[in-house]
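Residue strings, one per chain:
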Amino acid sequence: MKKSVKLTVLLALVTALTACSSQPKNAPTAAGTGEPEKTAEASQSGQTAGADNSTLTVAYRTEAANLDPHNNQSLTAFSLEMLIYDRLVEKNADGEIVPSLAESWEVIDDTTIRFHLREDVSFSNGEKLTAEDVKYTIERAETMPNSSSFMKTFDGAGTTVVDEYTVDLKLHAPFAPVYNYLASARGSIVCKSEMERVGSDAYGRNPVGSGPMVFSQWVAGDRIELVRNEAYWGTKTAYEKFTARFIAEASSREIELETGGVDVALHIASGDIARLEENPKTTVYNEPGYSQTMITMNQNTCPSFKDKRVREAFYKALDIEGIGATIYGSTAVPAYSIYPPAIMGYVQAGSDSYNPDEAKALLDEAGFDYSQTFELMTTDDATAISVCEACKNMWNAVGIQVEIVTYDQATMTEKVGAGEYQMQISSSSASSGDPDHALYEWKSEVHGLNTPPEMMELIARGVQTYDAEERKKIYAEIQETGWNYYGELMIAFSNVTYGASSRVQNLDVQPGSVPNFAGLTFSE
Amino acid sequence: MLRYTGKRLLQMVFVLLGVSFIIFCLMEITPGDPARQILGPDASEEAVLAMREELRLDDPFAVRYISYIAGVLHGDFGTSYTTKEPVIHELFARYPTTVLFAVLTVLIASLIGIPLGIISATKQYSWVDSLSTSFAMLGVSIPTFWLGLMLMLLFAVKLEWLPATGFYGPIYWILPAITVGLPASAGIIRMTRSSMLEVVRLDYIRTARAKGQTERKIIYGHALENAMIPVITVVGITFGQSLGGQIVTEQVFAVPGLGKLMVEAINSRNYPVVEGGVLLIAFAYCVINLLVDIIYAYLDPRIKSQYSSSVKKRMKKEAAVHEGES
Numbered sequence: 001m002k003k004s005v006k007l008t009v010l011l012a013l014v015t016a017l018t019a020c021s022s023q024p025k026n027a028p029t030a031a032g033t034g035e036p037e038k039t040a041e042a043s044q045s046g047q048t049a050g051a052d053n054s055t056l057t058v059a060y061r062t063e064a065a066n067l068d069p070h071n072n073q074s075l076t077a078f079s080l081e082m083l084i085y086d087r088l089v090e091k092n093a094d095g096e097i098v099p100s101l102a103e104s105w106e107v108i109d110d111t112t113i114r115f116h117l118r119e120d121v122s123f124s125n126g127e128k129l130t131a132e133d134v135k136y137t138i139e140r141a142e143t144m145p146n147s148s149s150f151m152k153t154f155d156g157a158g159t160t161v162v163d164e165y166t167v168d169l170k171l172h173a174p175f176a177p178v179y180n181y182l183a184s185a186r187g188s189i190v191c192k193s194e195m196e197r198v199g200s201d202a203y204g205r206n207p208v209g210s211g212p213m214v215f216s217q218w219v220a221g222d223r224i225e226l227v228r229n230e231a232y233w234g235t236k237t238a239y240e241k242f243t244a245r246f247i248a249e250a251s252s253r254e255i256e257l258e259t260g261g262v263d264v265a266l267h268i269a270s271g272d273i274a275r276l277e278e279n280p281k282t283t284v285y286n287e288p289g290y291s292q293t294m295i296t297m298n299q300n301t302c303p304s305f306k307d308k309r310v311r312e313a314f315y316k317a318l319d320i321e322g323i324g325a326t327i328y329g330s331t332a333v334p335a336y337s338i339y340p341p342a343i344m345g346y347v348q349a350g351s352d353s354y355n356p357d358e359a360k361a362l363l364d365e366a367g368f369d370y371s372q373t374f375e376l377m378t379t380d381d382a383t384a385i386s387v388c389e390a391c392k393n394m395w396n397a398v399g400i401q402v403e404i405v406t407y408d409q410a411t412m413t414e415k416v417g418a419g420e421y422q423m424q425i426s427s428s429s430a431s432s433g434d435p436d437h438a439l440y441e442w443k444s445e446v447h448g449l450n451t452p453p454e455m456m457e458l459i460a461r462g463v464q465t466y467d468a469e470e471r472k473k474i475y476a477e478i479q480e481t482g483w484n485y486y487g488e489l490m491i492a493f494s495n496v497t498y499g500a501s502s503r504v505q506n507l508d509v510q511p512g513s514v515p516n517f518a519g520l521t522f523s524e
Numbered sequence: 001m002l003r004y005t006g007k008r009l010l011q012m013v014f015v016l017l018g019v020s021f022i023i024f025c026l027m028e029i030t031p032g033d034p035a036r037q038i039l040g041p042d043a044s045e046e047a048v049l050a051m052r053e054e055l056r057l058d059d060p061f062a063v064r065y066i067s068y069i070a071g072v073l074h075g076d077f078g079t080s081y082t083t084k085e086p087v088i089h090e091l092f093a094r095y096p097t098t099v100l101f102a103v104l105t106v107l108i109a110s111l112i113g114i115p116l117g118i119i120s121a122t123k124q125y126s127w128v129d130s131l132s133t134s135f136a137m138l139g140v141s142i143p144t145f146w147l148g149l150m151l152m153l154l155f156a157v158k159l160e161w162l163p164a165t166g167f168y169g170p171i172y173w174i175l176p177a178i179t180v181g182l183p184a185s186a187g188i189i190r191m192t193r194s195s196m197l198e199v200v201r202l203d204y205i206r207t208a209r210a211k212g213q214t215e216r217k218i219i220y221g222h223a224l225e226n227a228m229i230p231v232i233t234v235v236g237i238t239f240g241q242s243l244g245g246q247i248v249t250e251q252v253f254a255v256p257g258l259g260k261l262m263v264e265a266i267n268s269r270n271y272p273v274v275e276g277g278v279l280l281i282a283f284a285y286c287v288i289n290l291l292v293d294i295i296y297a298y299l300d301p302r303i304k305s306q307y308s309s310s311v312k313k314r315m316k317k318e319a320a321v322h323e324g325e326s
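Protein sequence lines correspond, in order, to chains A and B. Under this note's numbering, the letters of the first sequence match residues 1 to 524, in that order. Under this note's numbering, the letters of the second sequence match residues 1 to 326, in that order.
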């Protein structure tokens, strides 16, 4: 009797465990990979990416919430939108604006541009792309809450359809960055009829575009798959399938690249670069980007910062070169202007001016109250925390008391939105690559920079000046003015660091971290 | 037994209500506005307010809580703020992966833990014992994050035997399951060992020995079954914990499980997904606990007798068992 009980229990345990394991064997296929028959394909593509040129697999850092160009803030989504959709114009590798959906265009006046569209473009649902879709897209981009702050200068209501393939794009005011903005992911043209039929939310999860790749399937939490648009009007992609995998952990992305599981890994950690460089099977792309890291001193909440001498002292107490070398290594350069060199019109406005004695003298001269403690807000990002700690120590050396407060991204976003902070470290990347976009914080009141009126005037003039040479001159002046004002403590300009298989060629290392993989090829 | 199970199921309803209330309160006091998360820091104040209105975030707490519970009772767990898909879809797209992962974890932990624990106990102070106790020590102290990366480096990069990340098929399951199973086996080893050591000192084992029973029969025939009760608890707890998703390991191996979903949902203040996910985890935990208790009953007649409805009968039986024992 006893024996039989024991046997039953053991058997029950074993069967329970094996039953569970054999049943869900299909479960993750259902959950993890959509359909069972696609599992084999998926694992194959995952494993044989190293040998097979028909699929391009890219490891992204985060998953997108949707692929609607006007309804998210995700760099991953932007990058995929570059493949799924087309834009009126594109930016080539040299940063020049070239025709895309628009074969040609003419400037009618300061706020109107007439675009002549290609007539051979269809969306993946078979419908023709016409001027109606362009007008609809502009109207939508201007009003959707997620894209409206970016696209607010575009006048959707004023944009007119001249004929089926001609559209007059209207602006609320002269706007020099117009082509940069139209060439960004936000400028992707969506299908009006499809959007109206299925609604924004469904469209975002099952997007319809006219680009070189067509959306195929989305496995939540794991990957998005695209297939080649065989009817594409332009140059077709060299690969048939595109798989975007979401691998949050930087080391895992790097390892996956080394094992050949992915062809391209975005955002490689600085510590992994040497390893990938040594490996003959992988290549590292470490190129200047649009990203800048700075510490903002909020004058609204800290009256001490209203005194320029105090701000200058805070800056001169920092060894920017040292921070760059020890924390960023080869992945960034010390920041000596208010926006990075990869952006048009850059001039080096400052230089290494680390001088603790001078900082102390400036503070004394300004009658600085050494007893106060400043709160420096940061996210839990390891690099940001390291920079904060280095700065804190350097400030302590001249007698400035700083306390580092770490928040998660959500809390920080809310505090920044409300302007409720004293100092914050932040990294931003002007994904459009336009200098006006890069000056965002200077234009916004919540950051409490108290941007001097003459600088605001220059910014307003810069954004309305179409002539490139003229515009560059204005931005040179803006950078000099902003730098000498010490409104923000500029720390570093970060590179875009990608790892790729050595077989990968023509990788577009877009400085704004929104790579467009359409032109990528494989060597044999 | 049925009545007992029924009572436990009823209790579960209250546990889940309590959990949902606590999580609702916690989300309420957590800083970070979901509307601001969806729209980004550059969005205008009006846009944020409109979004708050759309998400009904400005309704009073009680109104939101009651309408949430009412929805849940109708099987409606709300809509994800980010993907706009029903929460129930989001959760069940990930849950099978998590369940499979949990089963594999428990399987590996038990397959390593129970035999090693038994050997350790039967051969106390031998080299096997010291090896397995130090292994158990190591197991509880190794961070899974580090272990996962090391296993990846060894098996995926150096030896090229296994793929590094993903969860697409049996070959992909091995490394993540070992990463979580190995440390989890440590607890099982320790529990099996100590429980076994306790049991083999009992009188009935001495009697068995006196009878001239072989050592093998004594251990596997008499001692093991009684020693398993606390082990089942540990295995059950491990399983219950794993059903909550492996936050770190899922991140390292890019496994699309519940843990990864929950972390993302918390980071983006995606309240409906967090609430639904926590309820699901709590529910799974309750079910596992109940199952463990039922397995107890089968393993131990004394416990089974307690489940019978009449207290008098139970007392009587207990007394009988005690008498029989002494």
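Derived by calculation from the structure, the hints in this document are not laboratory data. Don't take each hint at face value.
[Stated by the list, open to error] In silico SDA-like cross-links for lysine to any residue, where the CA-CA straight-line distance does not exceed 25 Å: (1) B:158 to A:192; (2) B:84 to A:411; (3) A:192 to A:274; (4) A:152 to B:158; (5) B:158 to A:503; (6) B:84 to A:62; (7) A:415 to B:33; (8) A:152 to B:54; (9) A:443 to B:85; (10) B:158 to A:251; (11) B:84 to A:205; (12) A:472 to A:444; (13) B:158 to A:205; (14) B:158 to A:415; (15) B:158 to A:116; (16) B:304 to B:11; (17) A:443 to B:304; (18) A:192 to B:85; (19) A:152 to B:85; (20) B:84 to A:199; (21) A:306 to A:192.
Status of the hints after comparison with the structure:
1. B:158 to A:192: violated (51 Å)
2. B:84 to A:411: It holds: about 22 Å lies between the C-alpha atoms, which stays within 25 Å.
3. A:192 to A:274: violated (48 Å)
4. A:152 to B:158: violated (52 Å)
5. B:158 to A:503: Since the Cα atoms of residue 158 of chain B and residue 503 of chain A sit roughly 21 Å apart, the hinted pair holds (cutoff 25 Å).
6. B:84 to A:62: Measuring from Cα to Cα gives roughly 18 Å; hence the hint holds.
7. A:415 to B:33: holds (9 Å)
8. A:152 to B:54: Cα-Cα ~22 Å, so holds.
9. A:443 to B:85: Violated - the C-alpha atoms of residue 85 of chain B and residue 443 of chain A are around 36 Å apart, more than 25 Å.
10. B:158 to A:251: holds (15 Å)
11. B:84 to A:205: holds (9 Å)
12. A:472 to A:444: holds (22 Å)
13. B:158 to A:205: violated (39 Å)
14. B:158 to A:415: violated (46 Å)
15. B:158 to A:116: Not OK: residue 158 of chain B and residue 116 of chain A at ~56 Å, beyond 25 Å, violated.
16. B:304 to B:11: With Cα atoms ~19 Å apart, residue 304 of chain B and residue 11 of chain B stay inside 25 Å; holds.
17. A:443 to B:304: violated (73 Å)
18. A:192 to B:85: holds (22 Å)
19. A:152 to B:85: The given pair, whose Cα atoms are some 29 Å apart, is violated under the 25 Å limit.
20. B:84 to A:199: The given pair, whose Cα atoms are some 11 Å apart, holds under the 25 Å limit.
21. A:306 to A:192: violated (50 Å)
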